[in-house]
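**Q** Sequence:
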Amino acid sequence: MFHILFTASECSPFIKTGGLADVIGSLPAALQKENHASVSVILPFYDDMSIVHKDTTFVATFHVPVGWRKQTATLYQYTHNGVTYYLIKNGYYFGRNGAYGYFDDGERFVFFSRAIIEALPFLQHTPDVVHSHDWQTGLVPAFLKILNPIPGVKTVFTIHNLQYQGKMPLEMFYDLLNLPKEHVFGLEWDGLFNCMKAGIFHADLLTTVSPAYASEIQSEYFGEGLHPLLQERSGDLYGVINGIDTSAFHPKTDPALKKNYSRSRNDKLMNKRFLQERTELPVDQDIPVIGIVSRLVDQKGLTLVTRMLVEIMKENVQLIILGTGDEAVESMLHQASAHHPHQVAFFNFFDEELARQIYAGSDFFLMPSRFEPCGLGQLIAMRYETVPIVRETGGLRDTVSPYNEYNNEGNGFSFTNFNAHDMFHTLQYALSIYRRPHLWDNLLTNIYTSTYSWDESAKTYISLYQRVTTPKEETREWNDGRKSSARSHQQRVKTVQHVR
Numbered sequence: 013m014f015h016i017l018f019t020a021s022e023c024s025p026f027i028k029t030g031g032l033a034d035v036i037g038s039l040p041a042a043l044q045k046e047n048h049a050s051v052s053v054i055l056p057f058y059d060d061m062s063i064v065h066k067d068t069t070f071v072a073t074f075h076v077p078v079g080w081r082k083q084t085a086t087l088y089q090y091t092h093n094g095v096t097y098y099l100i101k102n103g104y105y106f107g108r109n110g111a112y113g114y115f116d117d118g119e120r121f122v123f124f125s126r127a128i129i130e131a132l133p134f135l136q137h138t139p140d141v142v143h144s145h146d147w148q149t150g151l152v153p154a155f156l157k158i159l160n161p162i163p164g165v166k167t168v169f170t171i172h173n174l175q176y177q178g179k180m181p182l183e184m185f186y187d188l189l190n191l192p193k194e195h196v197f198g199l200e201w202d203g204l205f206n207c208m209k210a211g212i213f214h215a216d217l218l219t220t221v222s223p224a225y226a227s228e229i230q231s232e233y234f235g236e237g238l239h240p241l242l243q244e245r246s247g248d249l250y251g252v253i254n255g256i257d258t259s260a261f262h263p264k265t266d267p268a269l270k271k272n273y274s275r276s277r278n279d280k281l282m283n284k285r286f287l288q289e290r291t292e293l294p295v296d297q298d299i300p301v302i303g304i305v306s307r308l309v310d311q312k313g314l315t316l317v318t319r320m321l322v323e324i325m326k327e328n329v330q331l332i333i334l335g336t337g338d339e340a341v342e343s344m345l346h347q348a349s350a351h352h353p354h355q356v357a358f359f360n361f362f363d364e365e366l367a368r369q370i371y372a373g374s375d376f377f378l379m380p381s382r383f384e385p386c387g388l389g390q391l392i393a394m395r396y397e398t399v400p401i402v403r404e405t406g407g408l409r410d411t412v413s414p415y416n417e418y419n420n421e422g423n424g425f426s427f428t429n430f431n432a433h434d435m436f437h438t439l440q441y442a443l444s445i446y447r448r449p450h451l452w453d454n455l456l457t458n459i460y461t462s463t464y465s466w467d468e469s470a471k472t473y474i475s476l477y478q479r480v481t482t483p484k485e486e487t488r489e490w491n492d493g494r495k496s497s498a499r500s501h502q503q504r505v506k507t508v509q510h511v512r
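The sequence shown begins at 13 in this note's numbering and counts up one residue at a time.
Since the hints were derived computationally from the structure, they do not count as laboratory data. Predicted, not measured: the structure shown is a model, and the values here were computed from it. Accuracy of the hints is not assured; some may be wrong.
List time: in silico BS3-like cross-link candidates among lysine-lysine, alpha-carbon distance up to 27 Å [said to hold, decoys possible]:
| # | residue 1 | residue 2 |
| --- | --- | --- |
| 1 | 28 | 193 |
| 2 | 28 | 45 |
| 3 | 471 | 45 |
| 4 | 179 | 166 |
| 5 | 82 | 157 |
| 6 | 471 | 28 |
| 7 | 166 | 45 |
| 8 | 179 | 82 |
| 9 | 193 | 157 |
| 10 | 66 | 28 |
Assemble the whole structure, with the sequences as input and the hints as a guide.
**A** This is the structure:
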């Protein structure tokens, strides 16, 4: 059995800002099914994590060097749903509201990554694999390689969203890291100290959250400036589609719903009418309801919706949007709801109960993303028997296949180009299927049989852990025509210098 240590900055249900928390909250339990692995998770102990404050067990106190300073960290242990969680507490860095959004976020997660290394001797098990997630723990593979190379311990680094890289001025390398200057290259990119680059460069194996995104980020358009390094490491880069916790997201048992259901059109319509009442839209089960639950940022493509809003409203639909984000996007949506109060309902906050009611009560779920590493919204929507309309990018392309009325295949609707008119024409076609009951029933049947769980993805991760922990000469069968991943650290340095 493998001992896996996840390192991450957020985890549902303790603290959540996005899909990363959902992954860290559900994948460990899936990996532990059938005794495939023993997984523990190490997180910052934020003040907001009131859910765990009462039942933690003290483990140890230790010092963490941060440049010329020494910070004190206290390690606690907590068990939830059979998974062991380790929590690193420090009042200076984590005694604040929320997880992110502070001027010193870079320093906070440098501290956290270094504290993870210092905490390893106090854990119940020495991990076989340290699996780090996104830029906030991108330094963990680097610290393990440089400061504390434990024999037999391998590292995996997962890119959840390449857009956020943890960039800092290069002088922060010298101010915070206590590393010899010869290591600066492995942590620098385009003249900046870059935590995402550190994870990509130093980890033994790389994953991202969908096969399509793994391919996309090696291109200049999607690569956020790191595509040369990702191309160089393509032989070690795998796309593994995310799943959802199907027990947590289940319309048959979800307490947030007006009426629980499973493959029942009448019960789902009851949730639709309840949603219309709650959002103060006209109650009419024949009007198609389009739901959006999203961060309101450029990536999510909401500008495509606002550009075509007048045309969309002419289709006699209702649009319900829940989310927060950029002020400019929020302002556009406030104006949309003010101009179309009987068709647009915008809720500029996040509420988990309302989100679930939107998933259950909508007929369509719209995700017109500019890019989408995986996306969980479309998976949750299908779990609640709601039809996704998505742009063909990243995990949306991998999980939503366009409906074909001639052979009755497909579980949603999609458009290729990031273009408002393309989105609108796809929406019009989706509405035409909605208004033909026999085709709509066929589409819903396909959604009923779509899969959303972590089971297959967990098996893939176990296979990747086996690959990374097996001596190189025994893993040739894994290469499958890919470039060999056996290059040394120094060889990779030279090659990346060349491609840059």
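**Q** If a hint holds in the structure, say so; if it does not, say that too.
**A** Cross-check of the supplied hints:
A distance of roughly 36 Å separates the Cα atoms of residue 28 and residue 193; the hinted pair therefore is violated under the 27 Å criterion. Annotation: proposed proximity of residue 28 to residue 45 holds, straight-line Cα distance about 24 Å (limit 27 Å). Note on residue 471 and residue 45: the hinted pairing holds, with a Cα-Cα distance of about 10 Å set against a maximum of 27 Å. With a C-alpha separation of about 25 Å, the suggested pair residue 179 and residue 166 falls inside the 27 Å cut-off, and the hint holds.
The straight-line distance between the Cα atoms of residue 82 and residue 157 is roughly 22 Å, inside the 27 Å bound, and the hint therefore holds. Restraint check: the Cα-Cα separation between residue 471 and residue 28 comes to about 25 Å, which is no more than 27 Å; the hinted pair holds. As the CA atoms of residue 166 and residue 45 are separated by approximately 22 Å, the hinted pair is consistent with the 27 Å bound. About 23 Å separates the Cα atoms of residue 179 and residue 82, which keeps this hinted pair within 27 Å; it holds.
Of the supplied pair hints, the one linking residue 193 and residue 157 holds, its CA atoms being roughly 15 Å apart against a limit of 27 Å. Our distance criterion of 27 Å between C-alpha atoms is met by residue 66 and residue 28, whose separation comes to about 19 Å.
The structure is inconsistent with hint 1 alone, although it conforms to all the rest.
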